[in-house]
Every structure is written in structure tokens, then in C-alpha cells.
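Starting from the known structure of chain P, fit chain U onto it as the hints suggest.
Keeping their order, the protein sequence lines are chains P and U. Going by the working numbering, the first sequence opens with residue 1, and the numbers climb by one from there. Going by the working numbering, the second sequence opens with residue 1001, and the numbers climb by one from there.
Since no wrong hints were added, every one of them can be taken at face value.
Capping the alpha-carbon separation at 30 Å, the derived lysine-lysine pairs in DSSO-like fashion look like this:
#1 U:K1262 - P:K121
#2 U:K1103 - P:K299
#3 U:K1051 - U:K1067
#4 U:K1137 - U:K1067
#5 P:K67 - U:K1137
The set of hints was computed from the structure by calculation and includes no laboratory data.
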Amino acid sequence: MPRPVSAAMTTLAPPISTLTERAPIPERVAWRDRVSGPGLVLPAVIITILFSMVPLGYLVIVSLTNKSDFFFANPRYSADNYRLVFDRYWPNVLTTLRLGTLSSVLNLIFGYPFAYILIRKVRYRELVRTLMVFPLFGPLYLAFGLYYVLLPNGPLAGVVDFFGLTATDLLYSEAMTLFGMLLFTFPFMVMNVGAALSNVDPTLEEAALTLGAKPWQVFTRVLFPLSRSGILAGLLMCFGWNIGVFVVPILLGGLPQQRVLSLVLQQKAMSSQLDYGLAAAMGIVLMAIAFFVTWLSLKFSRGALGA
Amino acid sequence: MSAIAAAERPRFRFRRRWIGDALAHAYIWIWLGLFALPFVATLLHSLELPKGGYGLEGYDQALGSFKSNLVTSFKVTGLTIAINLAISVPAAYAFVRHRIPGKGFLLSILNLSLYTPAAVMGLSLLITYAFLFHIPKTTTGLVAAYVVGTYPLMLIPLIVALRDLPSVYEEAARTLGANRFQSLVRVELPLLGPGISAGVLLTFVIVFNEFLVTLFIAGPSNVTAALRVYNLTRTAGFMSSTAALAAIMQLVSFLVVLFFFKFFGSRYLKGTYLI
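Okay, chain P solo, but in the shape it has when bound (with noise of 0.2 Å):
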């Protein structure tokens, strides 16, 4: 420990007698420079590493133990918590990777001619991207606005009952808890997929066109290869939320919706049953789920920072 201590001195108060006699004014500002870098991210780092990192670690410990001598001293390990989780609950996780991907490809289908028009023919734009920031608020009150549109005696009924359809059919249905994620997620594949269009040239479009290209054929063969990062990059960002989805099938989904893992892992942790392994290997198994999503993404685009 010496040497460290006596750096820190020199460069706290350095005595004139120690500068003069070692000369050290081109060392001290290299060791700073080799120092403060790393210094000024610690607290950045301390915070990651006690509030993420050791609860994802203990959630790991967690999940080996078992409901029954969890409060005991020396808990059993055990992976019997997966077992459970591939066996009895295993349709709580095709549920949630079925709402997932169908949310998902939904967003693709309706989001990718919207990024289309806002680029090409679009001038509102701003008044656009201020709207489009009130899914972003989340998806609870989402979820409640359409609750109350949706309602028997809501300001929809009228229209629901033109379609001949009840409210009831709507509102607890699978149809309708995929609609509140699209909406949810719906900039974010905008957001994406914009990006990607805004790169490619209209010129390309319009020689397409004038050599002879149908317009089906201009999007098959100028506009998606062009945009195809745009495209995954926006599936699998959409993915990533859609699989965390918890109010939205609570409020607009039937109990077939309402086996996602989000909130099977909620009521196993927190309403009476207090089953705190089989809760923590549920969402080891989604973590895993949206890590494998993430490390997709982020090798097949650039990240955020283009790094």
C-alpha cells in the first residue's frame, strides 16, 4: 500500500522540497490522467453494481431455493423451481413469447407504412412526434383510456354496436390486449424504422420506377433490403418491452392473457403465496429471455451511441 498513499499525498499538497529534489510534475499529471478517468465513472459503476447487478446475482441464488425452507438457515439448493417453470408453467411462457412476437409483427405490419408516409410526405412532423409521446407515458394509462372507451356504456358503444358486436367481446379478448401493446410500442418501431427510411435516396424509388418496377416490386426489392437493419432493429426492440408486458392484459385481456410471466411472477412474489424461488426462476427465465433479445439487437444494429 506505500506507493499509492505517497501519490496521493504529492498531489494533495505537494511539499516544494519533493518537487525540486524528484522532479515529478510529468509523472503526477500522468498517473492523474491514468486515475481520474476511471475515478469520475466509479460512482456510476458502485450504483450499477449494488441496485443491478447483486439483486440480478441474489435473484439467481434465489431462485435454487425452495418455498418451503426458504426462511430457514441452511436453505437446500435445488433447480426444481425450473423444473416447475418448464413443466407446469411452461404456457405462461409460450403465452408471453406468443403476445411478444404477434405484438411485435403487428407493429412491423401497421408501423412500417406509417415511418413510410412520415418520411416521404409528411410536413406536420413535429405535430406527429407530440403526439406520438403519449404512449410513451406507459402503457397504464394507456391501458385505462381504452378500459373506458371500451366500457358497455362508454363513449364507444355506439360504434362497437354498429360492427354488431358487444363491448364484452372486446374488451376481454386477446384481440384487444394486442392492440394495447401496439400502441405501446408503436414509436419505438416508428422510431426505428424512420431512421432506417430517412437513409435511403428517393431517387432510388423513382429510377425503380421509371425503369419499369411495379410498386410492390420497388418495396421488395429497393426499400425493404434497404431498411432491413431499420426493420430488425425495430421487431426486436418491440420483442424486448412487449415480453415485460404486465397492466395492459390485467385491464384488457381475458385469463388466457393473463398468464404472462410478468404477472404469474407478481402474484407467486407478492399476493399471499410468497413462493420467492419459483418467482425469481420465472424471471431468470424472462431476464434470459430479454438479454438473448438485447445482445440480438445490438449485433445486428449499431446500438444507441453508434459504438
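Leaving out everything else, chain U in the frame of chain P:
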């Protein structure tokens, strides 16, 4: 005959193109309507009176009985923004201006919590606070959770802004006799204004409206307004006072975003959560 056909064809084409454009704009406007629909519906419901008719009673109740929740929300959000700033400004500065071993890897580690689903983060913090740190249901724990979940979103716009800023300003200040701290506070931070406000905006919008992590780790004494909306929809049914609270939350967030767009535009939000 052929002259008529030749005269009519361009007109027909023109009309077809006009219809296509109209349909395209209609598609955009349908979606704009859908974006605003939940908010408009919430606003409508908040103005309904239980006995029929319209009035501001819901807001009276919301500002009366949910006032403490709103205060908690503002307090917790303000604390998070302050701590985020204190962590992110030095870190962003170091990332851009200093040599750090393993920069890319470190950045992805710091972004770890952005990729964790909210329910998983909530559960992991719930058990960690209860059995490891022994701070269950405290405001400290709540703020720590928000900080770790949102400071990367402040870091990213700051790094973008700092990269855009040429280092000549700092060098000029240093040559003119300012030390590192002085040049940072007097020269660079004012120039970084938009980047810093982008981070503040993102933190505000997310923390102010966050309810899922909060659901896991908040105690009865620090229920935020967003969590209160969730709890009320689960337990008390569908009251107009709940709608009023939800409308207030969205209005405040929307005004903050509008304010930001008006003064700084959306440039520094590129590549982050908002557009």
C-alpha cells in the same frame, strides 16, 4: 377520339395520385387519433359526475385525497434527477475526454438495467432490500431503484452532446488559466445545456410515470401517484377521481415534453427512449 383519350389520361392519373396521398395522410391521422384516444377518454371520464352530467368534482377529490401521492411523486422524481445529474455528468465527461480501459464493455454493463424487464427488476430489488440490504419499503430504496434504472438515459444524451462539442473551448479556457473544474463549470456545462435537459426530461417522464418497479418495492408511506392509479383501478373500480389523477399525471408529463420541444427541439433525444 385518340385526342380525347390523351387529354383525359393525365387527369385520371393526377386524380389517382391525389387519392393515394389523401389515403396516406388519413392513415397518419387515424394513428394520431389513436395515440390521443386513451388520454382524451381519460379526460372525458374524469369530468363525469357520478350522478350524471359533467363537472370538476373528480379533480377536487383527486387533489384532496391523492395530494400526498402527487407530493411523493414530485419529491422522488426531483431527488432522482439530482442524483442522476451528479452521477452522469462526471461519467459522461470521463467517457468522452478520458482514456478508460474497456469503454464499450463498461458502457453496456452500465446499461444493464435498461434491458431488464421492469417486473424482474422489481422482484430482484424486493428480495434484495428485504433480505440483504434490510431497507424494505423505504424511500431510499425507491430512489436508488429509479436512479439505477434511469441514469443511463441521462448518460446517453450527455455523451452525444459532449462528443458534438469540440474540445477547443475547454483547451482555450485551460490556456487562459482556468483549471479543469472551472472550465467544466464555466464553459462546458453551459454549452451542454440541451444535452443535460434532454437527460432531465427523460428521467422526469419515466420516473414520474413508473408504477411497476414501485409496486414491488414501495411501502404504504411512499405510494407514488402512478402506483396509486394502478392500485385504485385494481381495488376501487373505475372512479372519475382515478381518471382525474391519471389525467393530471399525463397533462404534467405532456406539458414538460412540450416545453422541452419548444426550447431545444428533439435533436438530443435521438437514440434514446423518446424518438
